[in-house]
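Spelled out, the chains give:
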Amino acid sequence: MFSALGEPSRLHIVELLRPRAYAVGEIAESTGIRQPQVSKHLKVLAGSGLVDVEQRARQRIYRLRAEPFGEIAQWVGSFERLWATRLDSLDHFLTSNGREQRPS
Amino acid sequence: MSMPLLGKKKSLHFERVYAAPVDAVWRAWTRPDDLRQWWGPEKTVVAECEVDLRVGGRLYIVTVASEAMGKYAGTRWPMEGTYTSIDERRQLTYDARQWTEGSAATETIQHSTEVTFIEQGPTTSLTLHIDVSSIGPGLKTKMAAFGMKWGYKSQLDSLERYLAG
Numbered sequence: 022m023f024s025a026l027g028e029p030s031r032l033h034i035v036e037l038l039r040p041r042a043y044a045v046g047e048i049a050e051s052t053g054i055r056q057p058q059v060s061k062h063l064k065v066l067a068g069s070g071l072v073d074v075e076q077r078a079r080q081r082i083y084r085l086r087a088e089p090f091g092e093i094a095q096w097v098g099s100f101e102r103l104w105a106t107r108l109d110s111l112d113h114f115l116t117s118n119g120r121e122q123r124p125s
Numbered sequence: 468m469s470m471p472l473l474g475k476k477k478s479l480h481f482e483r484v485y486a487a488p489v490d491a492v493w494r495a496w497t498r499p500d501d502l503r504q505w506w507g508p509e510k511t512v513v514a515e516c517e518v519d520l521r522v523g524g525r526l527y528i529v530t531v532a533s534e535a536m537g538k539y540a541g542t543r544w545p546m547e548g549t550y551t552s553i554d555e556r557r558q559l560t561y562d563a564r565q566w567t568e569g570s571a572a573t574e575t576i577q578h579s580t581e582v583t584f585i586e587q588g589p590t591t592s593l594t595l596h597i598d599v600s601s602i603g604p605g606l607k608t609k610m611a612a613f614g615m616k617w618g619y620k621s622q623l624d625s626l627e628r629y630l631a632g
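Chains as they are written, first to last, in this note's numbering: chain Y, 22 to 125; chain D, 468 to 632.
Looking at chain D on its own, in the form it has when it is part of the complex (with noise of 0.2 angstroms):
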């Protein structure tokens, strides 16, 4: 169950050029191997990375703090996605939803992202956007390894008008 973050969606965008051919983008995106050398923040591991590459198959990567992050070391966190749409070397989206293994249930993200590949030559350009969409209604979820403090709270429709205005 969860609660519509801060009353209404939080949008993230990017657009970066890579150089690279989009044949090895899109390998990036969809490949476990390929996966897992880029996903993990630093001083994580990818520590599991399954990819069912088809409408309504599973994505599921587990990121592992290292031990360089000290008193988080072992701490995972994995995130569980469905592919939605699949439009090969061009646009895959997919609705996810992330937590910290072992907190409790209610403290989860979840989040829609669509991730579009353009062909420029030798060059590719990639787009990415990211709805969240809502939070589980616990009190706090931390992600401090990752340099972050998440906290919220379900109801906090206007204290999202209040940060707006």
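Pulled out of the complex, with its shape left as it was, chain Y reads as follows (with noise of 0.2 angstroms):
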């Protein structure tokens, strides 16, 4: 999904899918993308699963997936978590005054 937002245009477009759906020729009208340029950075966004799409009468609809999202913000916690972890492990080798060795 990285290499997905790795293009400008596509990172435009997410962009501008955050607050709502978008038919693909508003987004190129607002993007200023051509439109046949749009459907393949679209394309390649709902293959990364960034985006779904819905047929819409003659329309198609693309929204943000959430999940994805999510996903990079949680290596932010993660990094957290080890951090957490790892003062309550340097609170144990403290208070055993360094005696005891950590099991591994």
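Everything labelled a hint here was simulated from the structure, so no lab data went into it. By construction, the Cβ of each residue, glycine as well, lies at the ideal position given by its N, Cα and C atoms. Zero decoy hints are in this set.
Label-pair ranges, simulated between beta-carbon atoms: (1) Y:Gly-68 to D:Glu-515: 36 to 46 angstroms; (2) D:Ser-552 to Y:Lys-64: 49 to 59 angstroms; (3) D:Val-522 to Y:Thr-106: 26 to 36 angstroms; (4) D:Glu-586 to Y:Thr-106: 24 to 34 angstroms; (5) Y:Val-65 to D:His-480: 29 to 39 angstroms; (6) Y:Gln-76 to D:His-596: 47 to 57 angstroms; (7) Y:Arg-77 to D:Gly-541: 47 to 57 angstroms; (8) D:Arg-556 to Y:Asp-109: 16 to 26 angstroms; (9) D:Glu-517 to Y:Ala-105: 20 to 30 angstroms; (10) D:Arg-483 to Y:Arg-41: 39 to 49 angstroms; (11) Y:Gly-68 to D:Gly-541: 28 to 38 angstroms; (12) D:Arg-556 to Y:Arg-41: 53 to 63 angstroms.
Join the two chains, each given in its own frame, into one complex according to the hints.
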């Protein structure tokens, strides 16, 4: 999914889709990217699971999927958890006076 | 070569009070034999630990996944840092990068760490501040053995705003 976001136009489209769903034509209009290009970018984004498409009458409506973005946010939380655990471990080390080895 | 992490610094901040005198806490952070005993997360072993405690000196710690980690066993996660300031028993700062050995050089995380020690009688208050300044442009770095899911890409400034908004 990350390579899918590596292209500035695609990132631009993702930004646009933040508040609401858009039809392909609207995306082209708002971003100034030609519609065939927009379709190509959307195909990549959909292929990476970043957007969902819904066929409504003659229009294809695209919206962001929430989960993949949560994953990106998650790593910061993971780093934080690692440090929280490490500081607990330091507590254990200090209160055991350094005599006890932590189990590994 | 690294790109800014999600466009801006990510900071972590911790405050803890330890039931140990400041000398002991300082030693725990600055003596390899002490560091080894608490640095590695569960199911890991600190295989290498070098501390050259002076400004410009090197801090190098390699954490290795133990057998308990199954398929990750043997995976090595080095962290290499440089001390940027040392104020004995009060504060130390270092800039470091960490990565998974064998992964692309582009999958490196850089951060600056500030550890502040405050003596409070028989206890010590410790403040830890980490600024994650950048990550390599490698498509994804996995530290799955830590139960982490790391994934990122350069040029995610807008995405950062997305997440923040």
